[in-house]
Amino acid sequence: DTAVSQTPKYLVTQMGNDKSIKCEQNLGHDTMYWYKQDSKKFLKIMFSYNNKELIINETVPNRFSPKSPDKAHLNLHINSLELGDSAVYFCASSQDIFLTGINSPLHFGNGTRLTVT
Amino acid sequence: DQQVKQNSPSLSVQEGRISILNCDYTNSMFDYFLWYKKYPAEGPTFLISISSIKDKNEDGRFTVFLNKSAKHLSLHIVPSQPGDSAVYFCAASARSSNTGKLIFGQGTTLQVKP
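Protein sequences appear in the order of chains A and B.
90 is the number that our numbering gives to position 90 of the first sequence; each next residue is one higher, with no gaps.
113 is the number that our numbering gives to position 113 of the second sequence; each next residue is one higher, with no gaps.
Watch out, some of these pointers could steer you wrong.
To be verified - Result set (SDA-like, lysine to any residue): computed pairs, CA atoms no more than 25 Å apart in a straight line:
(1) A:K41 to B:H72
(2) A:K44 to B:D24
(3) A:K71 to B:E42
(4) B:K56 to B:H72
(5) B:K5 to A:G84
(6) B:K54 to A:D96
(7) B:K113 to B:R17
(8) B:K101 to A:S39
(9) A:K44 to B:E15
(10) B:K101 to A:S20
(11) A:K41 to B:E42
(12) A:K44 to B:S51
(13) A:K22 to B:D84
As the list claims (entries may be wrong) - Examples of chain A residues lying across from chain B (beta carbon under 8 Å, computed):
(14) Y10
(15) L11
(16) T13
(17) L27
(18) L43
(19) S48
(20) N50
(21) F64
(22) S86
(23) F98
(24) P105
(25) F108
(26) G111
Stated by the list, open to error - Residues from chain B that keep clear of chain A, each with C-beta distances beyond 10 Å, as calculated:
(27) V13
(28) D24
(29) L34
(30) D55
(31) E58
(32) A70
(33) H76
(34) V87
(35) R95
(36) L102
(37) I103
(38) Q106
None of these hints come from the bench; they were simulated from the model.
We treat Cβ as the ideally placed atom computed from N, Cα and C, and that holds for glycine.
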């Protein structure tokens, strides 16, 4: 059983379209995240939800909107896609927000490669 | 403004030798440091961590060293094995922020040659 699963794995779309990436975790974790890995390979946090409450909202265009229907799901909706949105998007979860390594590691999904043409 | 940097994009070592991956940080509020390992087409997985109250943490073949005065940490893998070939990410957090925000470096690709 995959602990953190995200779909789709690949997403190719045209500029201006709206798309969603879904994420589900079966670990019983309270906190979920979206990270973006850009062309320079940095993994940057976008959003974090703890018990369905938004706790981190980095400087991300408001075209990106996370939605957490319950603690096990955190979906990412992107409106009016732009070329610069092309990246790999990782969903992750953790038991709590303290991320103290072995006691509360971050569990990542396998990523969604988004290509905007 | 990158607060966590891995200045070596790649490293190649012979099987059985030591691999040393380096990481520098700028934010003195960071009090917990982690290393993640990533294989192609997979998400990063947690490898080892260290608290700022320690200067060394060891787990099997993996040891992380922390030099707070230099704001530098390193991951040592001894002996290196071909299965260790992956991208290694350094990450840091400031637990006092209570936000779960983990700042990652850009990764170092390690290749271990048989």
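Subject >> Ascending list of hint numbers which this structure does not respect >> reply: The structure breaks hints 9, 13, 14, 15, 16, 17, 21, 22, 29, 34, 35, 36, 37, 38; every other hint is satisfied.
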